[in-house]
Structure formats: C-alpha cells, structure tokens
Amino acid sequence: MRTLLLATAIRLLLPVFFLFSLYMFFRGHDLPGGGFIAALVLAIGVLFHLLALGKQKTLRLFGNSTYWMIALGLLAIIGAAFFGIFKGGAMLEAYWIQAKIPFIGKLGTPILFDAGVYLVVLGVSLTIAFALFED
Amino acid sequence: MLAAILGGYLLAIVSLFFYQRAPQFTSYLISLLVAGLAAYFFSFWGEVTADDALVFSYSWVNTLEVNLHFYLDGLSLFFVLLITTFGAVILFYSSGYMRGEAYANRFFAYMLIFMASMIGLVLSANIIQIYVFWELTSISSFLLIAYKSQSADARKSALQALLVTAGGGLALLAGLILIGLESGSWYLPDILEHDLSQSAYLPAILVLLFLGAFTKSAQFPFHFWLPNAMEAPTPVSAYLHSATMVKAGIFLLFRFNPVFEGIEYWQQTLMIVGSATMLMGAVLAMLQKDLKKILAYVTISTLGLMVAAIGIGTDAALKAGLVYLLVHALYKGSMFMIAGNADHEAGTKDIRKLGGLAKKMPFTAAAAVLSGLSMAGFPPLLGFIGKEKLYEASMHAPSFEILLTGAFFISSVLYVCIAIILAYGAFFGNANAQVYEKAHEAPFSMWFGPLLLASAGLLFGFFNYPLSEGILGPAVSSIAGNSLSIDLKLWHGFSWVLLLSVVTLASGLGLYLVRNKYEKLLSFVQKERSWTPEQLYFKALTGLDRLALGQTRFIQSGYLNNYLITIIGFLSVASAYIYISRDLLPDQIPELAPIRTRTVYELTPLLLIGVGVYKIFTTRSRLTMLVSIGLLGFGVASIFIFFSAPDVSITQFLVETITLLIFMLIIHRLPQHKLLDNVPRQFLHVGVSIVFGCLMTLILLSVESADGASGFKDYYLENSLEIGKGKNVVNVILVDFRALDTLGEVTVICIAALGIVALNQLNLKSEEK
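Protein sequences appear in the order of chains A and B. Quick note on my numbering: the first sequence kicks off at -19 and runs consecutively. Quick note on my numbering: the second sequence kicks off at 711 and runs consecutively.
So that you can see chain B by itself, here it is in the shape it has in the complex (with noise of 0.2 Å):
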C-alpha cells in the first residue's frame, strides 16, 4: 500500500530524467503504470464495503504521534478510484497534447506529484498527513499552473493559486489540530466515532474547516483563483481543475460530515455558500467567450452544488452530491479535453470562432455531444439521474425546499444552455471559414480520453448495478455515518421530478435561442468594479506589501549605531525584566573572594585600561579611537593571565588584534570622522552604555553567587580527562561537552561570511552603474 501510495513521486523523479530519451515511450509507460495503479486499487472492489473499511499503518513519527495510517473506506475508494482511472486516462491523452514540449518532462512530474499526494489526501486516517499531503496537492498545482513559467500571467495566476489554497490550507491545519485536541486523538476512525457538538470550539473549528474546504473547492468568495489557473495547460486544467484537486474541499466536507451532521451552522452555512456560488458560477459562465473560461466557472457552480447538497444533509441529498460528483468529473474531464483539441487543432478556444468542426474532428465533436448531454442531464445518461437525484433531494430538504428547488432549477437550466453552446455552438452550426480551413481531427491519444470519459456517462446510465452497488453505496455510507445504499434508476415513474426535468430541458434549449439578450440583460455584471474579491485579494497584496516596506524601513534604519542601541536596548531591558518579574535579584552584594595583589605588574592592566578609556573620550581621530578600545581589550586580556584562563586571555588577544586589523582593511572606505553633536542623542547613547555595564555587571554578580550551585564547573573540571580525553577544560568543551553549541555558533559565522561578500558584491554593482 505504502507502495502504491508513494509510487507516484518516484515515478516522477524517474519521468524527469528520462523522459527528455524516449519521450513517447516514457509518457505511454507512465500512463500504463497509473493504470495499473488504478488497477490496484479496483482489486479492493468487494472487500471494502459499507460496514468494513481497511486500515494500513506504517511508524513514522512515533514520538509526536504523527504516524502513517491509510484508512481504505467507501468514501476514500470512491475518490482514489476518480484519481487513478482520470491519472491514467489524462496521462495518456498528455502524452499526445504535451508531445514536442521543451519541458514535458517537469510536466509528467509535477502531474505524478499531484497524483501521488491527491491519493495520499484522500487515504489519509491521521489528520495531520490530511494536512501535509493537502499542501503538496496546492504546491504541485502552483508548479503546474505556472508551467508556462515564460508567461507573467501564468506566474501571477500560479501565485494566486497558491496563496489563496495553501492559506486555506493553513487555517485547515489550525483546524484541524483543534479537532485533534477537542477529540484527544489524531486518528480518523476514533474521531469520525466522536462527538463535537458539545465542544467550546466547535465555531471556530467549523470556520477553519470551512477556510481550508472552500479556498480548494473555490467556493464564493475564494472562487476567483480557479478560472485564472486556466493558465495551466489544458491537461492540467482536466485533471487538477476539474476532476480531483478541486473535489478535494468536497471530499474534506464529506469526510466530517459524520462529525458535524446536524449541527445547524453546519448545515446552513454550507447551504447557503454552496447555492450563491452555483448561481454566481452558472450566470457568470454564460458571459464568457472562451471555452476554458466557460468551464471553470461551470466547475465552481457545480462544486457549489455539491456544497449546497451536503448542506441539505439528508440521505438523498448526500446521495445526489456524490452522483453528481461523478457526473460532474466525467463530462467535465471530457470537455476540457475537447477544449484543449479545439485549441490544439483548430487554433483557437474562443466560442464566437468555432463552428461546424464535426465534420473536421468527429470523434472529439462526438465525445462534445455526449458530454454534453450529460451536462444538459439528457436521459439516458448518467447526468440525467444525478439531475434526478438532485431535484427530488431539494423538494424534499427539511428546510428551504422551494428556495433550493428554485436555485437548482436556474442553474440546471443554465447549464442545458451552456451545454449547448458548448457542444452544438462549436462543433455544428455556422463554420468560420478561417478556423475550419486548419482545423484537423486530434491524433488518437487526444480523442480516446475524452470519448472514454463521455461514453462511460452514457453506459452508467444504463448499466450502472455494479457502481453503485460496489463504490457509490459504500462511499454514500462513509460520509453520513450509517449503512446506505444506492439506486440508480432511469426511470421512476410520472412525478414531478420528471416534469420538472423536462421543464429544464425545455427552458434550456430556450435560453439557447434567445442568449444574446441575456447577455445583454446581465451587461451590468461585466462592468470593471472595485469591491470584487478578486480586486480585495490584489489589494491584501498590495497592503501586504506597502506594510513590509514600512515595517522595514521603521526596524532597518540602515545605521549601525541605532541596530547596536536596538539590540543591547532590547537585551537589557528583557534581562532586566525577568530578574524583577522572578525575583532573582541578590539581598545583598555577594562576598567575592579578596583580590590578592602580589605584585606591582599586577596592576599594569588597570593602567592599560585606564589610558584606554581615557583616550577615547578624549581623541579626534577614529584610528586612535580603534587602537585606544584594542589597548582597553589588550588590558582585559592580560588580567585573565593573572586569573588563570590562559585560553580566553589567548582568545581575546587575538580576536583584539584580528579586529584592528580589519579595520585598518577598511578604514579608508569609512566616511570622514564627526562627533556626535546631538544632545538628547549622547544622552540616549550614555544612558544604554550605564545601563548595559551595570546589567553585566549584575550578572557576572549572579553566576558568582550561583556558580557552586549548578555543579557544571566541578562536572567539567572532573570529567574532562575522563570523558572528554583532554586536559584543556575549554577546548574540550567546545569540541566535545558542548560541540552542538560550537556547531550552531560556526555554522552562524559562515552565513555570516556569506551575507558580507554578497552585500559587498551588491556595494559594487551598484558603484558600477
């Protein structure tokens, strides 16, 4: 299982590399393997079933309890099966619409990360992988999205992307974590068995849920990223936009509808998200022109469908939204295929261009047809029973049923509408004589997939016994927490879902004939507006951006001496506020040992330091300044001889020296020498030096009073030769007792070496210019 799940990156890395030797064979073979993988997963059909589910489990990380469990249920097959059989079907029909691409083989990469994290998402029983694979599908969609990276708007529409879904994605985690700690466990089986409608968080974790489900799923007001990332190539578009990545808010709301079902924000909230964006999806998709555009915002719609049908949360309900999930993936995954033919062979993807290519590409305009019935819910497809199943669930939800009734018939008579444009418009009707005169049919790996996908809505229409016995019914099951089953009949009987199917189809086609006043009606929805989310989302940035420039600007003055006040500043006043808040300052002035002077020279450092001190107050030029604080550090340096630490005094001589002479380095580069003639200045200057000294001060104090106390010192002194091999203390400390510090302080010097030879590379450029 572990195998199968992390098949997908390895399969990437390999796809990186050798795809550029054997393009064709490579992309066959990848597709073969997908296939095979979706193989795999078929080969669990019958063992999981409505009341048994599968559970795989591998150690990771132990200690955290953050370990690998894949948890195979109806719902989690359901979605796995979707991932692999598309993966393979849009691989293979990859294979052709990316042939002759510079850098096809990052394309087939960043599509078997996808593929691979999508099926870890969906299998995942602990909430926290949820989480991790749930960013990988985020970040190989910007990797995708921005494929044609030569393309600013590729690039901007990639970064949007990215930030509105991996931001959703973190507000998940926030959420997720919650349930974890409100639950007491992070694996899923235990958590879908719990509770939550007594928890104190529950708001907050329905908001965060809500965040991550409705960025991924483009949901209003987050749905502006999706018909932007038609960016991608159009491959990308079927299988990540349409198909899966999507659908992967969806199946996180279908995931925990256990948990939540009932509870009244729930419900609502999902309700009444979930119609405006399928009215908001449905009208705007009738204005566009070009055909990826058209079926994005198609996909936001019916992904706000499914969100409404979870929402209604009764068993025929939650029924529908899964129908129609499958519906959905197939006939969308088909058109956008179809689009991206048009594109490919015909030139062009704009509706008001294409026309009567039938006759040019028959088999792509008949998976158009078929596609497009099923999106029109024609009987006998399978999107006439999904059409079914939706309006009998609204006209029989517990609340709001004429208002939902209402909203699914206008976006279902939309829909009949654009699926006519799309189908008949492009591929009947008037020829322009330019684009029909290039236009050619799509080799064969080009229209197999989407005439596979379109054809098999029309077979599960008729033949559908073992979907719905062996997937749908389990999968239904999983996301309302009881035994379910499902039928999927074509016809059942004269009611009124029938005639009002039938009403659709009818003002569907009508709205067809009569869509230039439509469009005319709804002019005022094109108009340039400022308070779009999409024009809030660029102005977060732009705020985001001036803020990070004033918070620079405010905290990297660029003068040395206001980072030094900031940084002792700081120091002092945080040491100095943990010493009041514990109490740790000393009742008294400690005995320190008496200071035994022998020897006259004994006090000749204290001359050195004096004549230091006294010449640096006094001098006019910075290079006596420079050696008078050397000769103050020389004088320091030979106490500690006095005083037994050979290696520190060593230590301080030398860096002493070494930093005088860097100095003399640059000394002639350094502007002309002034005194600081600001009054309240020196004052503030005076005043943080008073109170550094006597912070050191009191602090030496405090390690002389603790200092028998923590027995670090004996511990060192008595195991140094031992343990450590050596007899001097201090280099064993720092190469053995305490080498981690040593490697953190190293590693620091050598970014720190880094940072002055890049900044000095900067000086110099901009000196050139």
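One chain only, chain A, in its complex shape (with noise of 0.2 Å):
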C-alpha cells in the first residue's frame, strides 16, 4: 500500500483525524460520539499512516506512548470509579462540576470515565497495530 497520493494526504489528514476524534469525544454525551467512537477514528486513521509510510515513521510519533495510553486510561477510569468512594458515595457514582465550561461543556467523573475508555481503546488498538506490523 506505498502509493504516493495516499502517503501525501495521510500525514496532512492526521491532525484532522486527531480534531474529529477530539469532537466525537466531546459531543459524545449529548449526541452520537463518546470514547469509544472517538478512539476508533484516531486509530483508523494512525492505521492508514503505518500502512502508507511505515512502521518506522509511525514509531517515530508515537514510540512507547501506546503503553503509558493504556496506563492512564486504566488509571483515569479507576480514578473515576473510586472517586465516589472518597466523597463517601457508592463506587462509580457520578459527581459533576455545575458551572459550564466554554467550548467543552459539561465536566464531571462520567467524562473522565469515557477519556479513560477512549486512551484504552486507542492504545489497545495501537500496541496490537504496532505489534502485529512488520513492513
């Protein structure tokens, strides 16, 4: 799959994959999107660079960092569900901030829940792409 015109549009789609990831994530509450969605779009996308230009220069923008997604996503989501137990709730109750933030919207632990899921997911599928992947 080394053509040129897919090699060419990949590295100027990229960011563009990456901002409609961000805003599948964040519209993801209230209309069709969330994490995993949103994950899913970025790593189609990172799929299309490592087959059009190679593992090499793939690694070179992600090198270990697929790991430490993982990590934190695992950690985010643990936060989220242990949260409600430090405020003296149940387990993966949801807390929320009640003042509305400019351009993301609402906050609170069920956001930081599906950030958790969306690092999982996009490192998940990313250390499987990588490992799996030998040009």
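None of these hints come from the bench; they were simulated from the model. As the structure is a computational prediction, the values presented were derived from the model and not from experiment. Each residue gets a CB set at the ideal place from its N, CA and C atoms; glycine is no exception. A few of these clues could be false.
To be verified - Think about it this way: if two alpha-carbon atoms lie no more than 25 Å apart in a straight line, the pair counts; the simulated BS3-like pairs of lysine-lysine are: (1) B:999 with B:1230; (2) A:80 with B:999; (3) B:1003 with B:1227; (4) B:1423 with B:1435; (5) B:1435 with A:67; (6) B:1230 with B:1003; (7) B:999 with B:866; (8) B:999 with B:1070; (9) A:86 with B:1070; (10) B:1070 with B:1148; (11) B:1437 with A:86; (12) B:1003 with B:1199; (13) B:1069 with B:1148; (14) B:1148 with B:1063; (15) B:1423 with A:80.
As the list claims (entries may be wrong) - Footprint (simulated), chain A over chain B, 3 or more residues, beta carbon under 8 Å: (16) 808 to 816; (17) 831 to 839; (18) 895 to 903; (19) 1436 to 1450; (20) 1466 to 1472.
Join the two chains into one complex using the hints; note that each chain is given alone, in its own frame.
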C-alpha cells in the first residue's frame, strides 16, 4: 500500500483525524459519539499512516506512548470509579461540576471515565497494530 | 491485642528495609522487641485461669460473620508464650548465625511473618480466621525453606512442604466449614460447647481435620516433607520445624479435643497413626548420619507420641502430651541450634566426623549434655517427668495398654540411644583431627540460646510450681474441657513406672553400645523403594503434569477455527438447554412491527449484504473474502441508520474498518489460503453456523417479546438526561448507568493487548533461534 497519493494525504489528514476524534469525544454525551467511537476514529487514521508510511515513521510519532495510554486510561477509569468512594458515596457514582466550561461543556466523573475508555481503546488498538505489523 | 498480633508483620517490613543499614543493631532490636512481646503475653499470667478466658473482638468482614476474634484461654496462652519466648531466643541466635548473609533481611522478615501468623493462629477464636493464619504459616515456612533459593534441593523441598501442608490446609478449611455449618456458629468458644457426635457429617469432618493436622505435624504418611525441610537455615529448623509450626497440628487436635472427645474414630485414629509415626520416626532417626536429619526424624517421632497421647484421651494422657510438648520444644530447639553451631563452627553436620569438640566448644557442649539428658529422660530434668507421665498414662490407658506401653518403651529406648549419639558422640569420644583443628566456640549470641533452653529443662525439673499452676494447668483444662491441675513431681515413690524408666535408660545405653549391629539389622529399611509415601508424592506430581499436558493438548489445539467451533458450539448448547429446560420457547412467533418501506434506497443495505454473502462463498482469494465480510458488515451498519440507532451504526462502521485495516497489516504473514476439502468438516462448519444463526434469531425474537416487561428501556430513556446528564442514552449507559460493565470490558481488552504483545515477542524469539 505504498502509494504516493495516500502517503502524502495521510500526513496532512492525520491532524484532521485527531481533531475529528476530539470532536466526537466531546459531543458524545449528548449526540452520537463518545470515547469508544472517538478512539476508533483516531486509530483508523493512525493505521492508514502505518500502512502508507511504514512502521518507522509512525513509531517516530508515537514511540512507547501506547503503553502509557493504556496505563493512564485504566488509571482514569479507576480514578473515576473510586471518586465516589472518596466522596463517601458509592463506587462509580457520578459527580458533576455545576458550572459549564466554555468550549468543553459539562465536566464530571463520567467524562473522566469516558476519557479513560478513549485512552485505553486507542492504546490497545495501536499496541496491537504495532505488535503485528512488520514492514 | 491487635497491635501485639499484627506488630510482627509491621516489624517484618521494617526489617526488610532497614536491616542492611545496621545488621547487628537491627537483629538485636528485633529479638528485644519480640522478647517485649513475650513479656506482654506473660502479663496475662494469672488472669487466664482454668475457668477463665479472655476475648478480644475486632470487626472485620461483618456481613459474612467473619470477624477478628482473639481468644486467650489456657491453651492459647501456653502456645503464645512458647512462640514468643522461642521467637526471641531463636531470633537472637539468628543474629549470630545469619551474620554476613546477603539476604539476611529477608530471612528476618519471613521469620517475623511466621511468628505473627503463628500467634494469630493460636489466638484465633473464629474458625475461618484459624484457616487464614494456618495457611500463612505454611507460606512463610515455604519462603524460609527456600531461603537458599540458588539451591535446587532447597526449592524442591520448599515446594514439597508447601504442597503437603497447604494441601492439608485446604482439607482443614473444608472441615472447618462443615463444623461451622453443623454447629451453626463460626465462633470457637460456641463450637467448643457444641456436641457434634450425632452429626451426619462427623466422619467427613474428622477425616478433613485429620488431613490438616497430620500434614502439618508430619504424621505418617505425610511425614516425608519434614526431613527435606532441613534444607532451611538452622534457626528455621529450630523454630518452625521443631518448636512451633509442626506443633500447629497438635494445637489443632488439642483445640478440638473437647468437641470430639470420646468419639471412637477420633481416639483410635489418633492412637494408631500417632503410635505408628512415633515408632517409624524413632527407628529411622537411628539410621541417619546428618545431625539435622536425625533431629528431624526424632521430631516426627515425638509429634507422633503427642498425637498418640491425645488418642489415649484420659486426663493423665492429655497432661502427659502437653508436658511432653514443652519438654520436646526445649530440648529440640536447643539441639537444633547446637547442630547449627557444629555446622557453623566445626564445618560439618555429619556425626561420623564430629567428636571430642567439648574442649573447643565448652558452652555448646554443656547445652548439648543438658538437652541430651532431658531427651533421654534422665532425672532430675523435665524430660524425666515427661517420660514418667507418659508411662503412667499408657499403663492406665482404657484400651491397648500393653501395646501402647510397649510402643512408648521402644521409642524411649531409641531416644536414649540417639541422645547419647548426639551429646556424647559429637562432643566427647574420639575426635576427627581435621574437623577438630578448625573447630572453635561459637560467639555468645549463638551459645546463649541453646544453653538457656537446655538449662530451662533442668530448672523446670526442680522448680516448676509456677509453671504448672500458671500455665500448664489452665492449658490442660482447655484441652480436656474441664478444670484440671497438673502436678510435676520428680519423686513419685517406688512404682512400676519408675522401674520402667530405669530399664529404659539401661536399655538405651546398651543399644548405644551395639548400635552398629542395629544398623545392619535394619539395613533393608534404607533400600530404595518405589512405594514409599514420598515416591507416591513424586508420582502424583508427575501424573498431574501429564494430566495437565494431555488436557492442554486436547483443549488447546492451536487452530483458531477449532476454538471458534468450541465457543459457539458451547454457547449454542448451553442456551438451548436453558431455553428448553425453563420452557422459554415462545409459543408463536411474536408479531413484529411492520417494516415501513418508504423509499427504494432503504433496500440498498440488503443488496450490500446479498453481494457480500455471494462473494464470500464464491471467491478463492482471502483478500476478496475479507472485503466481502466488510461489505456485509457495512450493510448491517447502514440498516441501523434507518432504524435510528446512529451510535450503534457508527461503532459498527468503525469496527469493520479497523478490523479490515488490522487484517491488512498481517495478511502477508499468513500461510497460503486453502479451501476446506474435508467433507465432514464442511458439514460441521455449516451445521454450527446454522445452529448459531437460528439461536441468535431466537434470542432476538425473545428479546423483542420480553422487551416491554423489563422496563429497562423506558427507565434509561426517562432518566438519561435527569440522572446521567446526557442526551445520548447509549453513551450515558456506557459511562454511567452500566459503567461497571465497561470497567470490566476495558480491563479485558487491556489484558488481551498485553497477551498479543507477549505472544508476538515469543514468536519473534523462536524465529531468531
């Protein structure tokens, strides 16, 4: 799949994939989207990058960060899960910040949880892709 | 109280991290603190009497009725004092013995973990708690035996000890649970009041309890782990494998004696197994040449002696068993340390090479003589009193008195002979010049402990009123379940018992003089045999390995399509079973909402699916097949759009895409694509597919007909915005309503990723070779 067209396009499109994935993430609580979908969007972008440009170039962008994504994602999920306990409530109980934050919207432990899902799914898909792919 | 019990664990952590900075200081501090712990428990002296016990309760898992109850009666006080005083003495000894060892910090940490667990065990008043501490002692024993982890023998012995004792522990757990269910209480003092003799589960309870106690206390046929456990550093043998841990089994029997007393199975099993172990251990001990192995077999024998005493079950026998336990702990703890000194300072544990060391090692030799005399049962030491009590108990046993007395007599004669070999043979007699040259006295820390314990054996012979009144009396009362007192007199006047003692000593001396003939006589015992309990243990292990291998080969065929068939087949059969057994099959096909076809383009998904299916069955190229499956997926995904499930649709589109892409990554690594030409196999694949398809349709139909009843859908739709603060119900379900499911799923995919990475690495490595 080493075509010049795809190779050039994906270099320019990867940031767009990233922005679109962020967009999908933040609209997720009210409109179709969310952490899982957003992570898959970015992962597809990166997979195209991998196919078009080869492992070396993609790894230059990501390095070992995929493992960190998995770890941080799990941490975020567990943090969101235990937040309720520390607050004296139940595990996984949702807590929200009252004020709306400009550009982002509502913030609360479910959003943190969703961010964890995003990181884990992205990290896992990329880890698997990097592990399996050979030039 | 909680601090005193759990303090040991804390001290273990401290020693782990700070020992290396100041080894001598830390080890002295540890033994001092443990001595302080002993002093704390001595403060209960007098508070705990024959009729009075103390209870300390702390809430733990309250909902399961598992709470931390600590129960201090005569028996637990006796044991806890034994554990802490021996702990202090042996830890002090270890400060010399372990000097300069690279991993001495771990050694001290394990010893302290063991001590704390043992204290917890003997003080537990909740039977589940007994089990927890019981297994903790097995685990710390494992760690200590494997202390020299570079040695394959040490690792093997440690594993053996763990498998035998922890396996027995599992049996014990089952037994304790049965006791708890039958008596309706998990609280020990309640259980001790309970009469279980009419229980239908009595035989099972007894067998399970025996398995626990006999494995821990190295009774025949589970004795073989104990001699092998001598791989551990000597202080471990002195502490765990003579004075304390192996007595946990005896403790258990003592503990439950009031419940099962008088039941024939209980008494006779203990009597038979105990006597057999006692004789076997004593006979085999004579044949050993290694100091520690001799001591190990004597320990097995003595543990058998105590079990037999519990089996006799009279008040006199219980008293004798308890007194002998103390006697044995004192002389055996001391002797192990003496063996350690010989090994450390003279360079060998082989009794054939040791001799005449008394001049070089006077203090160690003095300790050896004193503990040897106590072991032989020579007046006026405590060992003499113990032996007298035993003879008295066996002569007045309710049954088999002649056989029992005979067995006690034979083993006592052997003890006398072994005591002479150990104390006289090693420290007097002819010296081996080479060994003698090198030998020198151990440092103070290493002769103080053995001498202290050995002298205690002498002191208690004369002066034992506070001991018998303060501890042994209350202890034997808890064992017997009624108020008793112990009288430890040296002189009972002329009697058959005294005569027997004298004959024992004389025969022991005689046996020592002709011991070479004894060895020849028993040489057949030493032959390699394939049916010894230890060989059976090894056979069981290899059998288990083979079973695991065969089972793995059968289940893990390595072919992905086998796995898929197994998973799908199992799911289908299990679901079908549920459907049929619970009569869930719908009587008629539920009426479905009519499909309102508004426009022609809504039919395109069906076209996509049709083309996809057609291509899958006609193509010969793997890539085309893959794309066709993707096409099918996209078709299904577009159906979701028309039925207003955008989230599901988007997800499916993305998942189809990413699956295709990942497949592209690895397609060149797969072997050549071949069509299946095995006809039965083709039928199997088609059959499984059809069954699974039917099953999924059935499930969908039942979901459709049951949908209204559950009310989940309405609940989620109504509360999504209010409680979940989101308009997208799917997302709110994922991250809020059913976040626990998501948590589990996310964890699973992380593990899957790690598995893929690990397998891939493995693959690379085998390719490199």
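Checked hints:
For the suggested pair residue 999 (chain B) and residue 1230 (chain B), the alpha carbons sit about 14 Å apart, so the restraint of at most 25 Å is met. Distance hint between residue 80 (chain A) and residue 999 (chain B) is unfulfilled; the C-alpha atoms sit about 83 Å from each other, more than 25 Å. Restraint check for residue 1003 (chain B) and residue 1227 (chain B): the C-alpha separation of about 21 Å stays at or below 25 Å, so the hint holds. Among the hinted pairs, residue 1423 (chain B) with residue 1435 (chain B) is consistent with the structure: their alpha-carbon atoms are about 17 Å apart, no more than 25 Å.
Note on residue 1435 (chain B) and residue 67 (chain A): the hinted pairing holds, with a Cα-Cα distance of about 19 Å set against a maximum of 25 Å. Taking the CA atoms of residue 1230 (chain B) and residue 1003 (chain B), the gap is about 19 Å. The hint holds against a cut of 25 Å. Taken as a hint, the residue 999 (chain B) and residue 866 (chain B) pair is honoured in the structure, with Cα atoms around 21 Å apart against an allowance of 25 Å. The straight-line distance between the Cα atoms of residue 999 (chain B) and residue 1070 (chain B) is roughly 22 Å, inside the 25 Å bound, and the hint therefore holds.
About 84 Å separates the Cα atoms of residue 86 (chain A) and residue 1070 (chain B), which puts this hinted pair outside 25 Å; it is violated. Taking the CA atoms of residue 1070 (chain B) and residue 1148 (chain B), the gap is near 10 Å; set against the 25 Å cutoff, the hint holds. Distance restraint check for residue 1437 (chain B) and residue 86 (chain A): the Cα-Cα separation of roughly 12 Å lies within the 25 Å cut-off, and the hinted pair is therefore satisfied. The straight-line distance between the Cα atoms of residue 1003 (chain B) and residue 1199 (chain B) is roughly 33 Å, outside the 25 Å bound, and the hint therefore fails.
The straight-line distance between the Cα atoms of residue 1069 (chain B) and residue 1148 (chain B) is roughly 13 Å, inside the 25 Å bound, and the hint therefore holds. Simply put, residue 1148 (chain B) and residue 1063 (chain B) have alpha-carbon atoms about 12 Å apart, close enough for the 25 Å limit, and the pair holds. Distance restraint check for residue 1423 (chain B) and residue 80 (chain A): the Cα-Cα separation of roughly 29 Å exceeds the 25 Å cut-off, and the hinted pair is therefore not satisfied. For the stretch 808 to 816 of chain B, the stated coverage by chain A is not satisfied: 0 residues place a CB nearer than 8 Å to a CB of that chain, which falls below the threshold of 3.
Counting residues of the stretch 831 to 839 of chain B whose beta carbon lies closer than 8 Å to any beta carbon of chain A gives 0, which falls short of the minimum of three for the stated coverage. Evaluation of the coverage hint for the stretch 895 to 903 of chain B: breached, as 0 residues show C-beta separations to chain A shorter than 8 Å, against a requirement of three. Chain A is given as covering the stretch 1436 to 1450 of chain B, and this holds because 11 residues of the stretch bring a CB closer than 8 Å to a CB of that chain, at least three being needed. Requiring three or more residues with a Cβ within less than 8 Å of a Cβ of chain A, the coverage given for the stretch 1466 to 1472 of chain B holds, as 3 such residues are present.
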